[in-house]
Structures are given as C-alpha cells and as structure tokens.
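Please build the complete structure, drawing on both the sequences and the hints.
Chains as they are written, first to last, in the numbering used here: chain A, 1 to 422; chain B, 1 to 125.
Warning: the hint list may mix true and false statements.
[Stated by the list, open to error] Computed list of lysine-lysine pairs in DSBU-like fashion (alpha-carbon distance at most 35 Å, straight line):
1. B:K46 to A:K370
2. A:K59 to B:K23
3. B:K46 to A:K73
4. B:K54 to A:K78
5. B:K90 to A:K76
6. A:K192 to B:K16
7. A:K388 to B:K23
8. B:K59 to A:K85
9. B:K23 to A:K370
10. A:K61 to B:K104
11. A:K61 to B:K81
12. A:K29 to A:K94
13. A:K59 to B:K46
14. A:K228 to B:K85
15. B:K54 to A:K61
16. A:K61 to B:K85
17. B:K27 to A:K370
18. B:K16 to A:K61
19. A:K159 to B:K81
20. A:K374 to B:K16
Note that these hints are calculated values from the structure, not bench results.
Source: prediction; values computed, not measured.
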Amino acid sequence: MKIKAYYDVVIIGAGPAGMAAGISCYDNKASTLIVEREERIGGILKQCIHDGFGVIEFKEKLTGPEYSERYIKIIKDKNIPIITKTFVLNVEKKGNFKLTLINPKEGIFNIETKALILANGCRERTQKQIFIHGSRPSGIFTAGTAQYFVNILGYLPCKRCVILGSGDIGLIMARRLTLEGANVIGVYEAKKHPSGLIRNISQCLNDYEIPIILSHTITKIIGDDRVKAVEISEVNEDMEPILGTEKIIECDGVILSVGLIPENEIAESLNIDIDKRTKGPIIDQNFMTSENGIFSCGNALHVNDLVDYVSESGRYAGLSAARYINDNYERKFISVEKSLKDFAYIVPQYIDIKSIKDKVIFYFRSMDIKENVKIYIKCGENIIFHKKYRYLRPPEMERIEINLDKELIKGEKSIEFIMMEG
Amino acid sequence: MREIICILCPNGCYMKVANTNDKWIIKGNLCTKGRKFAIDEIKNPKRTVCSTVKTRYSKVPRLPVKTDDDIPKEYIFPLMKLINKVVINKPIHSGEIIIEDVFKTGVNVITTSDLFYLLGTEEDG
Ligand SMILES: Cc1cc2nc3c(=O)[nH]c(=O)nc-3n(C[C@H](O)[C@H](O)[C@H](O)COP(=O)(O)OP(=O)(O)OC[C@H]3O[C@@H](n4cnc5c(N)ncnc54)[C@H](O)[C@@H]3O)c2cc1C
Ligand code: SF4
Chain A
1 MKIKAYYDVV IIGAGPAGMA AGISCYDNKA STLIVEREER IGGILKQCIH
51 DGFGVIEFKE KLTGPEYSER YIKIIKDKNI PIITKTFVLN VEKKGNFKLT
101 LINPKEGIFN IETKALILAN GCRERTQKQI FIHGSRPSGI FTAGTAQYFV
151 NILGYLPCKR CVILGSGDIG LIMARRLTLE GANVIGVYEA KKHPSGLIRN
201 ISQCLNDYEI PIILSHTITK IIGDDRVKAV EISEVNEDME PILGTEKIIE
251 CDGVILSVGL IPENEIAESL NIDIDKRTKG PIIDQNFMTS ENGIFSCGNA
301 LHVNDLVDYV SESGRYAGLS AARYINDNYE RKFISVEKSL KDFAYIVPQY
351 IDIKSIKDKV IFYFRSMDIK ENVKIYIKCG ENIIFHKKYR YLRPPEMERI
401 EINLDKELIK GEKSIEFIMM EG
Chain B
1 MREIICILCP NGCYMKVANT NDKWIIKGNL CTKGRKFAID EIKNPKRTVC
51 STVKTRYSKV PRLPVKTDDD IPKEYIFPLM KLINKVVINK PIHSGEIIIE
101 DVFKTGVNVI TTSDLFYLLG TEEDG
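Written out as structure tokens, the structure reads:
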C-alpha cells in the first residue's frame, strides 16, 4: 500500500475501537488511514481467548479472537487503508495535524491529517504504581503479560501463584492458569469489594474453588532471583496494613491485576484536557476532545468492561470525525453535572449544543454499590430522563441513550445527573 | 435455597433458587434464560471451555479453541488433557472442528481464530 501525504482522518490503534472508527469513517466517505504499532491488528482481543464478547453487538457469545476477526474481515473486504508495525512518535498542530511516524519499511516519515482519532487503548498498572516492600525478583507479572505468555506463546509463567487485585483480567487468568495446571492459591484484594464483574467471580473463581480474600494485600515480596514467597497483611478502612496480621505464603509467581489506565501520552502531549476520574480525555457527545479535530474512543477514553461498547464508541467517533471534515466547526458547550459522591464518572463530560443532531449516549459508573436507585437527568426544571436500577455496581458500566431537544437545552448552562434512593 | 449468578450475559443476574415439591421457585432473573441456567446449574452444571492448542509454526505457536457448546463441568479437566495433546500442523480456518464429539456429549472443540490469517498466507496462494 502506498502511503499518502494527507488523509482526512487518521486513527491511532487498530483494536476494536480503532477498527470500528475506521469502518465508520470510511463508510462516511472520509479518506481514512488506521495506524497500528503491532504486526497484527485486533488489539488486546488477540490474547483474550475466553468467551463472553459480543453479546450486545452480535447477539452471540464470542471469544476475543472471533470478535476481532469479524471486524478484521470487514476492514479487509472494504480495503480500508491500514499500516501496521508503525508507531506514532509525535503529533503537532499546524493548521492540520502533522504526525511523525516510524516503521521498519519507511523509517521516519510524516503524514498530515485534518482529524485524528485516539484509539490507542489502555495500559495496566504495574508494581511501580503500587507500593510493595522487598526485592524485585522475577516471577512478578501483570495479568495481561501472564495472559500473553499463556495464550499467545503457550508458556506457563508460574506453577503456584497468588493474584493481587481482583480486576477482571486477574480473575480470567486465575481460571486460565488453573486450567493449564497451575495452583492459584488465592486472589487478594485490598478493597472491601471485588473490582471485577460478579459473573467473573462466579465462573473464574467459584467454579475452581479459588478463594478471594478481601481487605488483604501483599506487603512484601520475598526471593532473590525468583519469587519464593509473599507476605500478606490485612488492611484497615484506609487500606493501611494492620500490624500483626502478616502471613507468609510460599509461591513462585505474583500476578498483578490492580487496574487499567487509559494510554494518554499523545493526548497529554497535545495539552488535551484530561478527566481526573476516567484518566482519559474530556469529550463532548461527538467524542471530540477539548482540541477541535481530535477524537477519543474505546479504552483510551475510559476503561470499558464490555468490548461491545468499545466498538460503539469507535463507530460514533468515526462518524463524528467524518462529519467534522465537511462542516465548518464551531462548538458551544454546556456541562454535564453530577455529584462526585454518587458517580465515579460520566462520559461525555460536555454537550456541544451547536451540533446536537441525533441521540446522545452517556456511559457512567456509580461510586459505590447501590440497590434500588433512580437516575434522573435534569435540564433546567425539566426531567428529561429517568430510570430505576435494581443494582448499580462500580465494576459494571451503565449506558443511557437519550434524545436531547435542541430547543429545550438552548438557554441552559448544564444538564444534571441525579441519583436518588428508592 | 441456593444463590446462583447467571453467567449467560453481562447483566450477571443474582438469582435465588429453591425447589419445593418438585417446583422451581427462582427469583432475580431478568429473563427466561436465567431460569433454565439456574435449573441446569443445580441438576447438571455446564460450561464452555476456552483454551489453546499447539501448532508447529514458530510465528504462531498457539491457536485458540473453544467447545462449540457447554459441556458438563466434570469433563473440564479431562478435556484439557485432550486439548493439550493436539498439535496443528497445517493451516486451518476459524470454526473448524479439531476434536469431535468430546466424551460422547455431541460437543466439538473448534478453532476460534484463522491460522491462514495469523500466518499471513492466502489459502490458494
Ligand atoms: C484481559 C481482558 C479481558 C477482557 N474481557 C472481556 C470480556 O470478557 N468481555 C468483554 O466484552 N470485554 C472484555 N475486555 C475488554 C475489551 O477487550 C477491551 O475493552 C477492548 O479490547 C478495548 O479496545 P480498544 O480498541 O480501546 O483497545 P486495545 O484493544 O488495547 O487496542 C489498542 C491498539 O492501539 C495500538 N496502539 C497503542 N499505542 C499506539 C501508538 N502510539 N501507535 C500505534 N498504535 C498504537 C495497540 O497496539 C493496540 O492494538 C477485556 C479486556 C482485557 C484486557
Ligand atoms: S437471567 Fe437473562 S438477563 Fe440475567 S444474566 Fe442471565 S441471560 Fe442475562
């Protein structure tokens, strides 16, 4: 494929978000290029060999590779331009955006684009970001790295391990390692509640009698070259270890599943506003960031638990980018207000009232576990949406779709999300 | 009474299940699939198994596979033994059967990724 000097839209990342964005840009007649740093497209789904993907998108329970290969097929059939093994080094705003890229074939080269979609996914928190005493022997892996070893390379990274943190990848790996013959001693979670989905606690831990130990953390890793044991302690309400509760557990591996954060190096280099809660860019309902012409979707925007919504966000970002190319764009914002006590986050954070065309989608998470609550959306004195929820749980992202009336919203400065008991 | 979490869809309904006088009383399921899941879960719990098989290609050392339907839980580890004996030595598409009718359940183990694609070769080229 010959790389052109200019594209209407360039998409960084060819995971489910980037693929969906690319397809919708292309379908809406924008000249499109997808850039992927790895040799194979598909993003993190390549290594997620378990099933449970696509129940919303395809009404079927698919594995990660099956889900992503459906999108890969569409991209191939439509012949959407894509370059792999290519890393985006730098983005500069010079009227349009000037990208500096590098790959083995072209070396360092430049591309200009009018719109840029950040679909570069998220990264895992590592041991550097959490505080554990002791040496740094081998045998400590993030859950995603362990997943890569087992599922892509076919190599069992440990025989007897503990899992720190109850994120979904850790739960999935507890089951996977057990199936491959490793002994998973337990999942230790510092918080009072698991951070992964309940169905994963059930099918990954309970099915295999792997205990989850809440309000506990690793306080020390023991071993010189290789992990020999860990010290586990109970923690108090403030997550500080309680002296005297230490226990030593022998193991040859520690799997960290302590959270994911949006990859936002590029966003930060462009001084795009970042939401402290999501750790991804602040956007409007068109998935456009604080910088005109830059869009964000998928896990680069906020960490999703369902890939189906990742694809949805990519599709909207792609459609919006294609519209942006043709429109003379000027935005006027109103904010989406919420109580920080009730909501962990709401995306989008702003509504651009000039471009309200069709329905608006909100994604949100509650701060705590809530039973029997109602969510209202208020616009001035009008209640424009309400719904009852049997449960709201922080690990489960919720989605709301509403039609915003341009006339109704005109004079307002904000719309407000309200959570009420009962 | 038993507490069962339905794993069939992302809702993950939390169900309370009781059987009195041969009648099932199930609460908490948002749809009828949950009811069937709960009864199966007590009578004969079943799961889909996902894993990988070896290939002889160094570029793609493992190919992902799954059972094309749920199998009884007690077959999970015996099946893992069978899966870990398989070696793929020619390119194969996604959805092709690699182990047929496991333990006479009528369930097959199928590939979930396209080895032609992963190896970067075309089928007829
Ligand atoms: C272990 C695990 C288990 C999961 N389980 C489930 C599940 O059971 N069900 C479910 O529905 N969802 C699940 N998810 C969630 C879902 O897989 C992810 O939310 C989804 O893959 C995110 O898609 P994405 O496109 O945003 O990011 P990714 O898939 O991470 O793709 C980002 C892409 O961007 C590329 N990239 C990054 N930086 C650059 C750069 N500078 N230049 C070029 N390219 C770049 C990367 O190489 C990558 O290919 C799981 C996720 C994980 C990690
Ligand atoms: S009962 Fe229905 S809605 Fe609830 S988890 Fe099962 S399949 Fe999903």
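Okay, the hints, checked on the actual structure:
{"no.": "1", "hint": "B:K46 to A:K370", "result": "31 Å, holds"}
{"no.": "2", "hint": "A:K59 to B:K23", "result": "31 Å, holds"}
{"no.": "3", "hint": "B:K46 to A:K73", "result": "32 Å, holds"}
{"no.": "4", "hint": "B:K54 to A:K78", "result": "32 Å, holds"}
{"no.": "5", "hint": "B:K90 to A:K76", "result": "23 Å, holds"}
{"no.": "6", "hint": "A:K192 to B:K16", "result": "23 Å, holds"}
{"no.": "7", "hint": "A:K388 to B:K23", "result": "31 Å, holds"}
{"no.": "8", "hint": "B:K59 to A:K85", "result": "15 Å, holds"}
{"no.": "9", "hint": "B:K23 to A:K370", "result": "32 Å, holds"}
{"no.": "10", "hint": "A:K61 to B:K104", "result": "23 Å, holds"}
{"no.": "11", "hint": "A:K61 to B:K81", "result": "24 Å, holds"}
{"no.": "12", "hint": "A:K29 to A:K94", "result": "24 Å, holds"}
{"no.": "13", "hint": "A:K59 to B:K46", "result": "20 Å, holds"}
{"no.": "14", "hint": "A:K228 to B:K85", "result": "31 Å, holds"}
{"no.": "15", "hint": "B:K54 to A:K61", "result": "24 Å, holds"}
{"no.": "16", "hint": "A:K61 to B:K85", "result": "26 Å, holds"}
{"no.": "17", "hint": "B:K27 to A:K370", "result": "19 Å, holds"}
{"no.": "18", "hint": "B:K16 to A:K61", "result": "24 Å, holds"}
{"no.": "19", "hint": "A:K159 to B:K81", "result": "17 Å, holds"}
{"no.": "20", "hint": "A:K374 to B:K16", "result": "24 Å, holds"}
In terms of the numbered hints stated before, the structure departs from none.
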